[in-house]
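Chains A and B supply the protein sequences, listed in that same order. So the first sequence is numbered by this note's numbering: it starts at 1 and just counts up by one. So the second sequence is numbered by this note's numbering: it starts at 215 and just counts up by one.
No wet-lab data here; the hints were simulated from the structure. You may find that some hints are simply not true.
Said to hold, decoys possible - Calculated Cβ distances over 10 angstroms to all of chain A for the following chain B residues: (1) S285; (2) E365; (3) E376; (4) R402.
To be verified - One side only, chain B facing chain A, incomplete, derived with CB under 7 angstroms: (5) L281; (6) A282; (7) A288; (8) D290; (9) L291; (10) L383; (11) V391; (12) A394; (13) I395; (14) A398.
For clarity, every value in this text was computed on a predicted model and none was experimentally measured. Backbone N, C-alpha and C fix where the C-beta goes; we use that ideal spot for every residue, glycine too.
Each chain is listed here by its residues.
2 protein chains.
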Amino acid sequence: MRVEYDAELEDVSRVLVEMADEVRGAMGRATVSLLTTDAEQAERVISGDAVVNGLRQRVEDRVYGLLARQSPVASDLRLLFTALHIATDLERMGDLAKHVAKIGLRRHPFPAVPEELVSIVTDMAAVADRIAEMIGAILASPDAQGAAALEAEDDAMDRLNEGLFVLLLGAAWRHGVESAIDGAMLGRFYERYADHAVNAGRQMYFLVTGEPLR
Amino acid sequence: MRVEYDAELEDVSRVLVEMADEVRGAMGRATVSLLTTDAEQAERVISGDAVVNGLRQRVEDRVYGLLARQSPVASDLRLLFTALHIATDLERMGDLAKHVAKIGLRRHPFPAVPEELVSIVTDMAAVADRIAEMIGAILASPDAQGAAALEAEDDAMDRLNEGLFVLLLGAAWRHGVESAIDGAMLGRFYERYADHAVNAGRQMYFLVTGEPLR
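Please work from the sequences and hints to get the whole structure.
In structure tokens form, the structure reads like this:
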């Protein structure tokens, strides 16, 4: 009985790592599709979101099953709760990758990101990728320091988003309202993606240390 | 023991109703502060968000406590899971009310919503208010039909948001990029607020009927 239980608990962790990997790949592909106006890639991100949602469902089903059939001890219960929270955050990260891909699709075959924004969007995507990689590593091997380090990356993302707004609202902006709205939405999507990874990191920090971060 | 248990379970429901009420009030005040450039009201929304977060924490603590000290039967377990999901959605609705208030504050003492958008923003806020009222009623007295009716309101919100974009991107728009970005963000915030209420409604529908909606 206990062996089966441990196997199920392990499966929950494994699925979370898989989700982190999926949403990292999704945002990577979404960014490429956006910057290269690659509709096929964008469609792949959009249809691939069902995989992430399915993984989240698997986490829920596992947790639910474990609670229904066993009476987990307190530490396992904390782990199961944490898993549910993290699955919610990771699923949202997948949604946000889909939103980025959709912005590219809506302008296709024209680029959604004007020349002046390519560099800052590339930087935001790089931070998003690093953050997704970090949360995947933390989920694979729980680590309080790693979870805390996510916050610094999140600050970098916030600064980039501020920089993006400076460009959108500057006197030199010559791409009109629609393109500016796209840019602002993109900034928000990358920023929210990072926020959710940081949330997941905070959950892991609490799980490992028993204390809230900061 | 069972009496105490039932009382705790009932407290979870009561807190969810209270959360729905809080986030309805928050969005109502946020809209008023936005349309009347009332900074004091906006600050109240922003500081009040801690109340919503505290209520969500109370739901979590209750659910966690019930799971740790008891072994809930399957139907109660489903209820506890549903409560966690709904608390997450309601907390996000509170965040979104805060975002609306912040947009107003950022432009203060100038209005963030130009004359041409007042009518559509008022309509979006009215749908948001109706949706929040509906989810509060469903939480107070679970009702599958009411939960399904939320979807129609959500469709109304989506149509309003499309109408908002027509105004923002129309040739007649003369308020520049910054104001258009504010408008687009406001549209997104009201729309997401409705989405979360609909999510909560779907959870309730599943709880009552045992079937996913549609």
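Hints, one by one, checked against the model:
Not every CB of chain A lies more than 10 angstroms from the CB of B/S285, the least distance being 5 angstroms, so the non-interface label is violated. Listed as a non-interface residue, B/E365 keeps its Cβ farther than 10 angstroms from every Cβ of chain A; the least gap is roughly 19 angstroms. Every Cβ of chain A is farther than 10 angstroms from the Cβ of B/E376; the closest lies at roughly 13 angstroms, confirming the non-interface assignment. For B/R402, the condition that its CB be more than 10 angstroms from all CB atoms of chain A is violated, with the nearest at approximately 8 angstroms.
Given the 7 angstroms rule on beta carbons, the hint for B/L281 holds: about 6 angstroms separates it from the nearest Cβ of chain A. A least Cβ separation of about 6 angstroms between B/A282 and chain A falls short of the 7 angstroms threshold, and the interface hint therefore holds. The interface hint given for B/A288 is met, as the beta carbon of that residue sits about 6 angstroms from the closest beta carbon of chain A, less than 7 angstroms. With a least beta-carbon distance of about 10 angstroms to chain A, the hint placing B/D290 at the interface is violated under the 7 angstroms criterion.
For B/L291, the suggested interface contact is upheld, since its CB lies about 6 angstroms from the closest CB of chain A, less than 7 angstroms. Taking 7 angstroms as the C-beta cut-off, the interface hint given for B/L383 holds, the closest approach to chain A being about 5 angstroms. Because the smallest distance between the Cβ of B/V391 and any Cβ of chain A comes to about 4 angstroms, under 7 angstroms, the interface hint for this residue holds. At a threshold of 7 angstroms, the smallest CB-CB gap from B/A394 to chain A is about 4 angstroms, leaving the interface hint in force.
Among the interface hints, the one on B/I395 holds; its C-beta lies about 4 angstroms from the nearest C-beta in chain A, closer than the 7 angstroms criterion. Restraint check, B/A398 versus chain A: the minimum CB separation of about 4 angstroms is within 7 angstroms; hint holds.
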